[in-house]
Structures are given as C-alpha cells and as structure tokens.
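Given chain A's structure and the hints, the job is docking chains B, C and D onto it.
There are 4 protein chains.
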Amino acid sequence: MEINHTEIDVRYAETDQMGIVHHSNYLIWFEIGRTNFIKQIGFNYADMEARGILSPIIDVQLSYKNPAKYGETVIIETWLKTYDGIRTTYEYRITNQKEDLLVTGSTIHVVVKKDNFKPILLRKTYPEWHQTYKNLIKEEE
Amino acid sequence: MEINHTEIDVRYAETDQMGIVHHSNYLIWFEIGRTNFIKQIGFNYADMEARGILSPIIDVQLSYKNPAKYGETVIIETWLKTYDGIRTTYEYRITNQKEDLLVTGSTIHVVVKKDNFKPILLRKTYPEWHQTYKNLIKEEE
Amino acid sequence: MEINHTEIDVRYAETDQMGIVHHSNYLIWFEIGRTNFIKQIGFNYADMEARGILSPIIDVQLSYKNPAKYGETVIIETWLKTYDGIRTTYEYRITNQKEDLLVTGSTIHVVVKKDNFKPILLRKTYPEWHQTYKNLIKEEE
Amino acid sequence: MEINHTEIDVRYAETDQMGIVHHSNYLIWFEIGRTNFIKQIGFNYADMEARGILSPIIDVQLSYKNPAKYGETVIIETWLKTYDGIRTTYEYRITNQKEDLLVTGSTIHVVVKKDNFKPILLRKTYPEWHQTYKNLIKEEE
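Protein chains in written order, with our numbering: chain A, 1 to 141; chain B, 1001 to 1141; chain C, 2001 to 2141; chain D, 3001 to 3141.
Just chain A, with the same shape it has in the complex (with noise of 0.2 Å):
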C-alpha cells in the first residue's frame, strides 16, 4: 500500500493552556499529510487549484489517542482509502517519535469547480489523477 510520512515538528503556536496540541491542529497535519501524499503518487493539489478545480472536505473522523506536545515531532501517514470517481477517502495515523500512536481518522472529499462549486468528475477534468487513484484502490484488492 502507498503510504505517505511526513514529519512535523510541533509549533509553539499549535498548544493551548492544557499544555498539549489543541485538537483543531489535527486537521490541519492531516491537510499536510494529504498534499504530500498527492505528491508522492506524482500530482501537485496547487497546480490542481491553479486549473480550476478545488477538493474540498464534506466529513472529518478522528479519534485523540495521546496529546502530542510542543518539543516532539510527530508523524503522520496518510493512505487512500476508497475512490469511486466521485468521493475520495483518505485515512491517516499520527505518532510521535517513541512511536506513541496519537491520533486516527479519516476525512472524505469531492471535487468542484472552482468558480461555482459545482461537482464535476475528476475523469473528465483530470483524467491521469483519477486512473492513477484507481490504480491505487485496485492494487488493494
């Protein structure tokens, strides 16, 4: 399976006065786990933008195992989970460095045009993104 590490050392700015990470930073490492995992299978979200097309979220799940703190590096691993040409799943798992598991979850997502929000099918807009995602799921099975 194709996964994705990716390394991030936690910012100051990321705990709150419980002395770890407030809960909303997950989505956004997830976000960095997702744009690196695009990249590692060979495509670039920004140049994606740049056409027109946007892939937003439409449903987040995450589960808090152990807070991460402010002087660790955590990783996150992302994986695609499912892809039917409409909704894409990705999962992802967050360590820290004594490879404590931290935080799971999934988060799904579309793809719209730009312009109008408007759904389109990323096999005809992006024809390579979507047989490289179906590859991807096929491998899986």
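Be aware that one or more of the hints could be misleading.
DEER-style ranges, computed between Cβ atoms [said to hold, decoys possible]: (1) E1128(B) / E77(A): 42 to 48 Å; (2) P3119(D) / T2125(C): 46 to 52 Å; (3) E2077(C) / I137(A): 53 to 59 Å; (4) I2120(C) / N116(A): 23 to 29 Å; (5) K3124(D) / E1002(B): 51 to 57 Å.
Derived pair list, reagent style PhoX-like, types lysine-lysine, alpha-carbon separation capped at 20 Å [what the hints assert, rightly or not]: (6) K1065(B) / K69(A); (7) K3113(D) / K3098(D); (8) K3065(D) / K39(A); (9) K1114(B) / K118(A); (10) K3124(D) / K2118(C); (11) K3065(D) / K2114(C); (12) K1114(B) / K2069(C).
Stretch by stretch, here's where chain A covers chain B in the computed footprint (C-beta under 8 Å, at least three residues) [to be verified]: (13) 1010-1023; (14) 1045-1059; (15) 1062-1075.
Just so you know, the hints here were simulated from the structure itself, not pulled from any lab data.
Cβ coordinates follow ideal geometry from the N, Cα and C atoms, glycine included.
Okay, now just chains B, C and D, sitting in the frame of chain A:
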C-alpha cells in the same frame, strides 16, 4: 431540550484561498458553542480548569454541508447528547442567517486531572455538574 | 475622534501553553477591530473585496503590556491615525474588563487590485470611502 | 554572524481569501525561526520552560514586502540583534525560493518566572545561556 445558540461573525483570518472558511475552524466554533452551553446551564469551564480539572476531547465527527463565508454571521447550536458519568457527547449544528445548514457534528469528552491527565469521575470531583448533566439527559428520555 | 469599540470573548484555542493568549492572535483581533471600524463609518470590507479591491497590510507594530487570558472579555479600540490617499494607518488599544492595558499597536495598509495586486487610488476606485477618510483626518487636525 | 536558516512549506490553512498567506502567520514563522536559532546555538526552548522559565514577547515590528503563497517553500533567517541581560532582540528575514524578499521584522523578549510572570535575570537562572548571548553579541562588535 436545552440548546445554546451562539452567534459568530466570520473572521477574515478564518478564510482560506478557496474563498471559504477553512474546515479546521468549525472545531474552534464547536468549542465556543460548548463553552457557552456550559455557561447557560450555570457552570464555567475556566473555573473547572482553575479547580485542576480538564475536559479533553477524545472523538470528533464533522459533516460539511455548505461553506461559511466572510461577511456572514453564523449561528452555532449546541446541546448535550449523552452523558454516562465518564463520557459526555455534545452535538452541534451550524447555520447562516439565510438558514442554510453549514455543518453538523459531535464531540466526545472525558474528564481528567490537570496534573497527570488521569481520568476522574465528575460525580466525585464536581458533583453539581454531574447532577445537572444527569438531569438534562433524563429530561430527554 | 471616531473610535470603534469591539468586545471579544477570549477563545480557548487562542491560548498557548504559557497559559495566556498566543501573541499572534492580537493581529487577528486588530483585523476584527478594523473591520468593525470600517462598518461603523458606513462601509463594508466584504463589499470592497466584491468590487475587486483588496487592502493588504504593509507594516505592523505591536507592544505587549499584559497578557489576555481565557475567561476574559477584551475590548479592542480602533481608530484612523493617518490617511494620505495611498497609505492608511490604523491604531489599536486592547484592554480587559478590569481596564488593564494589554496591547497597543498600529497597522499600515495600501489598496490594490484583486487580480494583480497593483496599487490603486481609493480616490478613483471608491471615492466615497476616500472622502470619508479625508474628513475623519481633517476633524482631527 | 550566527544566522539560522529554516525552511517552511506554506500550509494551505495559512492562506486567506486574498489567495496569499494571512499576515498573522509570519509571527508564527518568526517563532519557529527563533526556536531553531536557539537550538543551533546549543539550547532548547522546551527545556527552558521545563525549568520554569518563560520568554514572552514584548514588542513586534513587521514589514510586508511581498506575499508568500501556497505551493511555495519559504526560508526564515533569524539572528540575535541585541542582548543587554534583560531584553533580547531577534531579527528575521523571510524569502521564497526565487529569492524574493517577503517579510522583515524583529521581536523583543524578556525572561520571566513561569509561576508569576515576574522578570528574572538569565544571568542568574540560566548562566550558560546568558554567556552564549553575551559572546554572540561581542562577536558582532
């Protein structure tokens, strides 16, 4: 059912280059709704922390229906869904002033000691709060 | 002098592990004060952007006197300091409800075209706004 | 002169609806540069906090020359400008990979006790750090 209604003016800094509110901000809005819900039923989260009690999040579910935009005022509705003495589930519904449904979601929380993050029972450490939540849940049944 | 007063409840997510509001958030609070100042004198920044005009920041000065804390409501005072047709300087003063001075600062802005970030004259593209700022400055003298 | 160079990939969440990085994020990037500068000269800000010492910011100056954009990698240069035993001034310069100058700035810091935010002398509480800063400043003269 006890529901808190909180109004929020979308901040410019909450938008991203899609021209909509970045999806991570809804978790911060949920937190504001939750804080105000707790205030509405007669307690105060800041006081709780001053007593050495934290209520970290262990699970999030979020569904994005429509994007919030800069210039809009959104309304967060927050209510208590379940409370079993250990875990508390809050639910949320965010709409704009045209009554478009923007986001729905839920968060699950536990209660821990500030010093060591060990779980504690609200029944023992903050019995009034425990009783209020028990009563709110009973009214629902 | 025309001053806008905006109240903000400190958000939990705005704190850091020092137990105080992270210093970057005051720039976001200044932005909220500025937006409300503009509303108070009869204009709307969201409309300005809809007309293809942006007002990016070119300079910031910030002095931190006392920290804001979770549980507090702060008051942002915003006023127009200078306007020369090209550059606009706003000043800010943030206090808490005990009237402790927390932060003072200023921001300088220009006006540019949304498409290409080229500078434009407010006098030509939004003459009512230009005239209002000229009048506000004159009243000061 | 001792300069730390830190590379940062712009995060999607750091953009705003102008299509550029929101101006508040540069303060967070300065903080990352400062943390890495401290690491480079042999210390660790997380350890300093564990010893009960905080280094809050008391003054910021920021000049925005060109906007950072999503898809770019930026380089933060951080160096020590002045240190008088009480106040430390760091300076920063942020560029992109085309060597466009994006932002310059400075921050001034004091050292305080974590418990009560009372000022302390680094010379007494952390003499090695004090000596290193004295030496760095002397080399400049």
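Just pull the numbers of the violated hints for me, sorted ascending. Failing hints, ascending: 6, 7, 8, 9 and 10.
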